[in-house]
Structure formats: structure tokens, C-alpha cells
Amino acid sequence: MFFEVDVPKRFEIKDRYDIVVIGGGPAGLTAAIYARRAGLSVLVVEKTLEGGYVNFTHLVENYPGFPKIKGEELASRFKEHAESFGAEFVNAEAIKLEVKADKKIVELDNGKKVEAPVVIVATGANPKRLNVPGEKEFFGRGVSYCATCDGYLFSGKDIVIVGGGDSACDEAMFLVNLVNRITMVQLLETLTAAKVLQDRVLSHPKIEVIYNSTVKEIRGKEKVEEVLVENVKTGERKVLKTDGVFIFIGLNPNSKLVEGLVEIDPYGYIVTDENMETSVKGLYAIGDVRRKNLRQIVTAVADGAIAVEHAAKHYF
Amino acid sequence: MGLLSNKDVAYLRDLFEKELEKSVRLVFFKSEDPARCQYCEITEQVLSELVGIDSRLTLEVHDFDREKDLVAKYAVEMVPALVLESEEGKDYGIRFYGVPSGHEFGTLIQDIITVSKGTPQLSSETLKKLEKLERPVRISVFVTPTCPYCPRAVLTAHNMAVASDKIVAEMIEANEFWELSERFGVSSVPHIVVNRDPDKFFVGAYPEREFVEEVLRLAEG
Ligand SMILES: Cc1cc2nc3c(=O)[nH]c(=O)nc-3n(C[C@H](O)[C@H](O)[C@H](O)COP(=O)(O)OP(=O)(O)OC[C@H]3O[C@@H](n4cnc5c(N)ncnc54)[C@H](O)[C@@H]3O)c2cc1C
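Residue numbers (our numbering), protein chains in the order written: chain A, 1 to 316; chain B, 317 to 537.
Mixed in with the good hints there might be a few duds.
As the list claims (entries may be wrong) - DSBU-like cross-link-like pairs, simulated, lysine-lysine; straight-line CA separation at most 30 Å:
#1 B:Lys323 with A:Lys112
#2 A:Lys14 with B:Lys444
#3 A:Lys112 with B:Lys444
#4 A:Lys14 with B:Lys433
#5 A:Lys238 with A:Lys104
#6 B:Lys406 with B:Lys338
#7 B:Lys334 with A:Lys14
#8 A:Lys112 with B:Lys384
#9 A:Lys113 with B:Lys445
#10 B:Lys445 with A:Lys96
#11 B:Lys389 with A:Lys112
#12 A:Lys256 with A:Lys96
#13 B:Lys334 with A:Lys96
#14 B:Lys406 with A:Lys113
#15 A:Lys113 with B:Lys444
Claimed, not checked - Covered stretches of chain B (chain A as the covering partner; in silico rule of three or more C-beta atoms under 8 Å from a C-beta of chain A):
#16 339 to 351
#17 451 to 462
#18 492 to 503
By construction, these hints were calculated from the structure, which means they are not laboratory data.
Virtual Cβ for every residue (Gly too), placed ideally from N, Cα, C.
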């Protein structure tokens, strides 16, 4: 049992900042740190919790300097770091972005409008839905996208994990300590996670992996009771009894805010140049929402640094 | 050894020094029967360590099984239960069921500061919406101590209770009260139930405006 004493602070926000960062994940928080170091005022707009997806990650084992750190802890360290340098925060959702000649206006869901010459979009990506019957109905009734949040509610139960990449395997290794049995349903014929992770999953006696398969339907009365699994090669179907379904099948970029404003690739990722600047001057995109090859914490923080370094030189 | 480290105590002393205004009474209900309340003892311990940090905080301990009048007065349902009361003896409708541990300890700290100041930390739009409330609303937020997204849901609910006399808002630790959680079909947290109606719920971390709207929508329907 632990007792977290830190409390979220509240700021009265101003009407104007040098830089407004939308999204307080690792990318956005790093941008805020670099902005403060460059002597610029900065507001981070975050709708849920600073730290972004890192809060969802049980253990991070590939961020330099921390061979093993809880996602939550890393997330709160990022936040504290930015806060200690004087970054300001607001708990709100950015719902509109307007670009005028030399300024940008960010509209928040609480009715406020904030203006800045430079806006950085760091909205990350959300877990992809499976889009099968039962998924929406049973969200919160056995369907989950967050192992650290909900894992304990499945203690001693049987669960299905959909997916076979890094996230799926990572979270499987966390959940396996709590639950009775895990069946992983992977669409491809192998797992795609990093080799060491794959080995851990494959050698675990409580985890079984079903390949070339997907979950077609999630069923139950009050809550999840079973899933319909289909082999995509043979078409063979079977029903698996389960108490919960955890879904880790990739990401959907949160790029809606800039739709029609900047170039977006067919998958929804924002296209930038090597300085992280979009097709609109003074509008940057960093982290998971950006088109790039590797979506990780290290690359998200790097994007944040590069964007602010460029902006500080060119616009202030 | 206390439950709170020296570092935490120093941090809290400093925070209370800066933030507390009026005094706050922590009204705590427990059961002497450990079989009925596995976590009462540890809750009492952490609360007594907490009130020891600042003289404006006091702890009142009551027996849930014997002090029926008080149990009825505060409409407390299960133990461990915690109510926060202002210096003037005002019960804003803030309830904690279960150990306020993990991230929810931070929620408790924040709530104490809010009650001490007597002003809810909500936007003026939210306050306007709450003014229009006619019927009582009960908000139950099911949480786990390890859920980083939960404190904001609990804080919003508790602040709504501070803002409106019509609202009672309770944090419920889902693992501790698993039967209740089961009854409400809680499998993801935060899971927010309105008026204790299992069909009136939503799940997940919502920003203030959406949270308030969702609660009011469910309360009206
Ligand atoms: C289960 C899982 C495990 C992972 N494990 C690892 C790992 O071990 N190591 C590693 O390096 N990476 C890992 N990753 C990837 C890593 O989490 C991401 O690459 C990283 O978080 C990206 O950072 P970001 O700042 O771009 O976006 P995010 O972390 O997604 O943050 C974006 C933030 O923006 C906010 N936001 C979105 N839209 C708005 C809006 N309109 N207004 C206001 N706020 C908004 C969101 O609430 C969110 O907090 C994992 C990912 C998952 C899903």
C-alpha cells in the first residue's frame, strides 16, 4: 500500500503565451521544458492526465537512465520537471485551432481562448478499437484498454488479450501476475514484440497464444462471458469463455484538430519536416501524432526538443 | 515507523502551511470487528498521522456498529468511511469509502484544502449549471488506488458536492467493496454511477465540463 501525497495544482491561465502545447504526454512536456529553458512562456493543455500514455504503461524498460521504471512514475517525473521550470498547465480539451496571419488561437472546451504565435500539437494517439459487436457495450463491463488501471479487478480470473505487439506483450507480462490465465489472440503468425519480450511471454506457463486469429465478437449478459475467435486463415471459429478482454492492437492518431489545416497522411498522422514544423508556419506536431518510424517515449521527447529549438530561433 | 515518510510529512506540513485557511474535521467511522473491516485500522492510522501534521486538522473516530445516531446523521453505509466537515460544522457531502490510499490519498489532501477554503475548484460555467439543480444527486466514483486517472474524477465529483447542497459524492474503493462493485458491474475505473442506479453510469477520465454534463444528463433521465 502506498500514499501519494502530490496533488494536482491549478493555474489561472492567461490569454496569451509564447507557445501553447496541446497534449501533455512525454512529447508535450519535453517541449514545455525546452520552452522554459529558452525563456519562453508556455501553456500545456491536457484533457486527462499529464504524462499521456506513459501512465497506461506498467513498466518502461527502454528509457535511458531507467532500466526499469513504472510508467506512472516516469510520467509524473516528466510533469514535475516541466512544472519546476515554470510551465503552466490547464486541465481542458482543445476543441478548435484557428490560424490567423501571425497568431494561432486555441479554443478550449471550458470556453476559454488562448492565443500564441507558436502552437505545438502533441496529442498522441489513442488505442485502436477492434470494432466488433460487444466491444462498446461491454466497455467497463470486462472490456479494457488499460492494464494498470483495471488489472486488479481481474485478480484470479481468466482473460483474453487481443494483440501481439510490444504493448500487448508488455501488458501481458504485467497482467499474468494477477490473473489466472491469459489467452492471447494474435492476428499474425508470430508475435511482433521485441525479442526478449516475446521470449518472456512464450515461456510463461500461464499464457497461451493463438495465432492467425482475431476476436469477432464479445458476448455476455451483464458483463463479458465469452469471445468468438476466428482463424483468419482457415475460417474456423471457436468460443472462448473469459472474464475480460484487454485490447492492445495499435493506435489511432489524434489529428482531428488540424484536419484541413495541415497535411495528414492516409493513416491520420500529421506530416512534418525534420524540424517538426507542419505545412503551416509556426504550427508544429510532435510525438505519436506525427508521421514517423518509431513511436516511443524517447522519440517523443526528442521531437519536443527539436520543435522548440527551431521555433525559438525562428519566431522569437 | 509511520505510514507516511518523513519526506511526505515535511511536504504536507509546508503545503498545509501555505494552503489551509479554516480548520477541517475528519469524521471517521470504523468497526471494531476486523472481520467486518479489514482496512479500518490502517485507515485510522494514516488519518491520525495526517491530522498530526497541522493543528487545524482534527480527527473524530466513531464506531459504526454502536453509534447509530451519527451513522444515520451522516448517512454512512459501510466502513471504513470518512466525512469531511468544515470549521462551521458543514457537511458538504464528501464521502470516502475505503482506505484513501495510493493516488486517492492525494485526492483527500486536495479535498481537505478545498473544504478549508470553502470554495469549490470548478469553472464558473459549471457552478452556473449546478445552481439550477432541483433534485438531490448522488455520485459514486469507483476507483482503485493504482489508477492514475481516477483522482480527477473523484475530485470533480467532490468539488461538485462542495458547490451544491444537493450533491453527495462518494469515492468507493472497488477492490475493498468488491460485492458492491460486482453489483454495479465495475470492471474499468473510474466507473461513475449516478443516484446508485446501475444503469446510470459512465466509465473513464472525462474533463470537467464533460464529467459534469454526463452526471447532470444521467441525473435528469
Ligand atoms: C500499452 C502501451 C505500452 C507502451 N510501452 C512503451 C514502452 O515501454 N517504452 C516506450 O518508449 N514507449 C512505450 N509506449 C509508447 C509511448 O507510450 C508513446 O510513444 C508516447 O507516450 C508518445 O508520447 P506523446 O507525448 O506523443 O503522446 P501521448 O503519450 O499519447 O500523450 C498525448 C496527450 O495528449 C492529450 N490530448 C489529446 N488530445 C487532446 C486535446 N484535444 N486537448 C488536450 N489534450 C489532448 C492526451 O490526453 C494525452 O495525455 C507504449 C504505449 C502503449 C499504448
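Evaluation of the provided hints:
1. Pair hint Lys323 of chain B plus Lys112 of chain A does not hold up; C-alpha atoms about 38 Å apart against a cutoff of 30 Å.
2. Taking the CA atoms of Lys14 of chain A and Lys444 of chain B, the gap is about 22 Å. The hint holds against a cut of 30 Å.
3. Pair hint Lys112 of chain A plus Lys444 of chain B holds up; C-alpha atoms about 16 Å apart against a cutoff of 30 Å.
4. Of the pairs offered as hints, the one joining Lys14 of chain A and Lys433 of chain B holds, with about 23 Å between alpha carbons and a cut-off of 30 Å not exceeded.
5. At roughly 54 Å between alpha-carbon atoms, Lys238 of chain A and Lys104 of chain A are farther apart than 30 Å, so this suggested pair is violated.
6. Straight-line distance between C-alpha atoms of Lys406 of chain B and Lys338 of chain B comes to about 12 Å, which keeps the hinted pair within the 30 Å bound.
7. Of the pairs offered as hints, the one joining Lys334 of chain B and Lys14 of chain A holds, with about 23 Å between alpha carbons and a cut-off of 30 Å not exceeded.
8. The suggested pairing of Lys112 of chain A with Lys384 of chain B is violated, with an alpha-carbon distance near 48 Å, which exceeds 30 Å.
9. For a cut-off of 30 Å, the pair hint linking Lys113 of chain A to Lys445 of chain B stands: about 21 Å separates their Cα positions.
10. Our distance criterion of 30 Å between C-alpha atoms is met by Lys445 of chain B and Lys96 of chain A, whose separation comes to about 23 Å.
11. A distance of roughly 41 Å separates the Cα atoms of Lys389 of chain B and Lys112 of chain A; the hinted pair therefore is violated under the 30 Å criterion.
12. Distance hint between Lys256 of chain A and Lys96 of chain A is fulfilled; the C-alpha atoms sit about 9 Å from each other, no more than 30 Å.
13. Of the pairs offered as hints, the one joining Lys334 of chain B and Lys96 of chain A is violated, with about 37 Å between alpha carbons and a cut-off of 30 Å exceeded.
14. This hinted pair does not check out: Lys406 of chain B and Lys113 of chain A have alpha carbons roughly 36 Å apart, beyond 30 Å.
15. At roughly 20 Å between alpha-carbon atoms, Lys113 of chain A and Lys444 of chain B fall within 30 Å of each other, so this suggested pair holds.
16. Counting residues of the region 339 to 351 of chain B whose CB lies closer than 8 Å to any CB of chain A gives 0, so the stated coverage by that chain is violated, three being the minimum.
17. Requiring three or more residues with a Cβ within less than 8 Å of a Cβ of chain A, the coverage given for the region 451 to 462 of chain B holds, as 3 such residues are present.
18. Beta-carbon proximity to chain A at under 8 Å applies to 4 residues in the region 492 to 503 of chain B; the threshold of 3 is reached and the given coverage holds.
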